[in-house]
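Below are the chains, spelled out letter by letter.
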Amino acid sequence: EPEVTQTPSHQVTQMGQEVILRCVPISNHLYFYWYRQILGQKVEFLVSFYNNEISEKSEIFDDQFSVERPDGSNFTLKIRSTKLEDSAMYFCASSPGSNTGELFFGEGSRLTVL
Amino acid sequence: AQSVTQPDIHITVSEGASLELRCNYSYGATPYLFWYVQSPGQGLQLLLKYFSGDTLVQGIKGFEAEFKRSQSSFNLRKPSVHWSDAAEYFCAVSSGSARQLTFGSGTQLTVLP
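Chains A and B supply the protein sequences, listed in that same order. Under our numbering, think of the first position of the first sequence as 1, with each following residue one higher. Under our numbering, think of the first position of the second sequence as 1001, with each following residue one higher.
It is possible that some hints are incorrect.
[To be verified] Sample of chain B residues at the chain A side, in silico, Cβ under 7 Å: (1) Tyr1027; (2) Gln1042; (3) Gly1043; (4) Leu1044; (5) Leu1046; (6) Gln1100; (7) Ser1105.
[Unchecked claim] Calculated cross-link-like contacts (lysine-lysine; reagent style DSBU-like; alpha-carbon spacing at most 35 Å): (8) A:Lys42 with B:Lys1061; (9) B:Lys1068 with A:Lys42; (10) A:Lys57 with A:Lys78; (11) A:Lys78 with A:Lys42; (12) B:Lys1068 with A:Lys83; (13) A:Lys78 with B:Lys1068; (14) A:Lys83 with A:Lys42; (15) B:Lys1061 with A:Lys83; (16) A:Lys57 with A:Lys83; (17) B:Lys1049 with B:Lys1068; (18) B:Lys1061 with B:Lys1049; (19) B:Lys1061 with A:Lys57; (20) A:Lys42 with A:Lys57; (21) B:Lys1049 with A:Lys57.
[To be verified] Examples of chain B residues lying across from chain A (beta carbon under 10 Å, computed): (22) Ala1017; (23) Phe1034; (24) Tyr1036; (25) Gln1038; (26) Gly1041; (27) Gln1045; (28) Lys1049; (29) Val1081; (30) Trp1083; (31) Leu1101; (32) Phe1103; (33) Gly1104; (34) Thr1107.
If you are wondering where the hints come from, they were derived from the structure by calculation, not from laboratory data. Note that beta-carbon positions come from the ideal geometry of N, C-alpha and C, so glycine has one too.
All chains, please: the whole structure from these sequences, using the hints.
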C-alpha cells in the first residue's frame, strides 16, 4: 500500500541552525501538508501546498518556515533559524484532492532543538 | 474559529469490553468530522469520516461513530475492543475544503488483558 515517508525520523539540532525535514508524499496525490505536535499538545496545522504554491497557512507558519517541492517527488519543510519552541513532532501528509477529506500521514519527524 | 474537545485524556478498558471515546466540536456550519488513530511509532491513520448523509458512519477495524448535531458530538464506538486497539485517538474537524484539520488533544486508550 502506498504511504507517505518522512526523513529523518529524529533530528537534534542547536538553536539557530537551519533544519530541513523531508517528505515523499503518495505519488498521485495533489495536496501536501505539514502539521506539528509539540509534546503534550494538540496536532496543529502549519501549511498546505497545491500546484507548487502555498494554498493555506496558519499563524504558526511565519517567515522562519518555508516549504518546497524541489523535484516533483519530495516535499520539504525548512526552518531557517530554529528556536527551542520549534521542538516538536512534524507530520507530513498528502491527499488526492481537496474534498476527499482523507489525509494520509507519515510517521513523523521528531525535531529536538537544544 | 473551529475547535475540538476530547474530554477524556486517558481511558482504560478490558479486552472484549465496549468502548466509547467522546468528541465535541465547535463549528458554525456543518462540519467535516474525522477520527484518526496513532499507534506508537506510526503516523496518523484515518478510521472514519463524516461529511453528510447517514449520521452513523462505519470505519475500519470495526469502529463506528455517530454525528449528533444537537449535541455537537461525534463519538467513536467499538462493541468489543481488541488488545491491538491500544493507541491514541484523535478527533478532528474541518471546513468544507477539508484541507485544514483542527485536531482535538487526543485520548490515549489502554487495553487490559
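Hint check:
no.: 1; hint: Tyr1027; in the structure: 14 Å, violated
no.: 2; hint: Gln1042; in the structure: 6 Å, holds
no.: 3; hint: Gly1043; in the structure: 4 Å, holds
no.: 4; hint: Leu1044; in the structure: 4 Å, holds
no.: 5; hint: Leu1046; in the structure: 5 Å, holds
no.: 6; hint: Gln1100; in the structure: 5 Å, holds
no.: 7; hint: Ser1105; in the structure: 5 Å, holds
no.: 8; hint: A:Lys42 with B:Lys1061; in the structure: 24 Å, holds
no.: 9; hint: B:Lys1068 with A:Lys42; in the structure: 23 Å, holds
no.: 10; hint: A:Lys57 with A:Lys78; in the structure: 14 Å, holds
no.: 11; hint: A:Lys78 with A:Lys42; in the structure: 21 Å, holds
no.: 12; hint: B:Lys1068 with A:Lys83; in the structure: 42 Å, violated
no.: 13; hint: A:Lys78 with B:Lys1068; in the structure: 41 Å, violated
no.: 14; hint: A:Lys83 with A:Lys42; in the structure: 19 Å, holds
no.: 15; hint: B:Lys1061 with A:Lys83; in the structure: 40 Å, violated
no.: 16; hint: A:Lys57 with A:Lys83; in the structure: 19 Å, holds
no.: 17; hint: B:Lys1049 with B:Lys1068; in the structure: 14 Å, holds
no.: 18; hint: B:Lys1061 with B:Lys1049; in the structure: 14 Å, holds
no.: 19; hint: B:Lys1061 with A:Lys57; in the structure: 33 Å, holds
no.: 20; hint: A:Lys42 with A:Lys57; in the structure: 17 Å, holds
no.: 21; hint: B:Lys1049 with A:Lys57; in the structure: 23 Å, holds
no.: 22; hint: Ala1017; in the structure: 27 Å, violated
no.: 23; hint: Phe1034; in the structure: 7 Å, holds
no.: 24; hint: Tyr1036; in the structure: 8 Å, holds
no.: 25; hint: Gln1038; in the structure: 8 Å, holds
no.: 26; hint: Gly1041; in the structure: 7 Å, holds
no.: 27; hint: Gln1045; in the structure: 7 Å, holds
no.: 28; hint: Lys1049; in the structure: 5 Å, holds
no.: 29; hint: Val1081; in the structure: 23 Å, violated
no.: 30; hint: Trp1083; in the structure: 22 Å, violated
no.: 31; hint: Leu1101; in the structure: 6 Å, holds
no.: 32; hint: Phe1103; in the structure: 4 Å, holds
no.: 33; hint: Gly1104; in the structure: 7 Å, holds
no.: 34; hint: Thr1107; in the structure: 12 Å, violated
In this structure, the hints that do not hold are numbers 1, 12, 13, 15, 22, 29, 30 and 34, in rising order.
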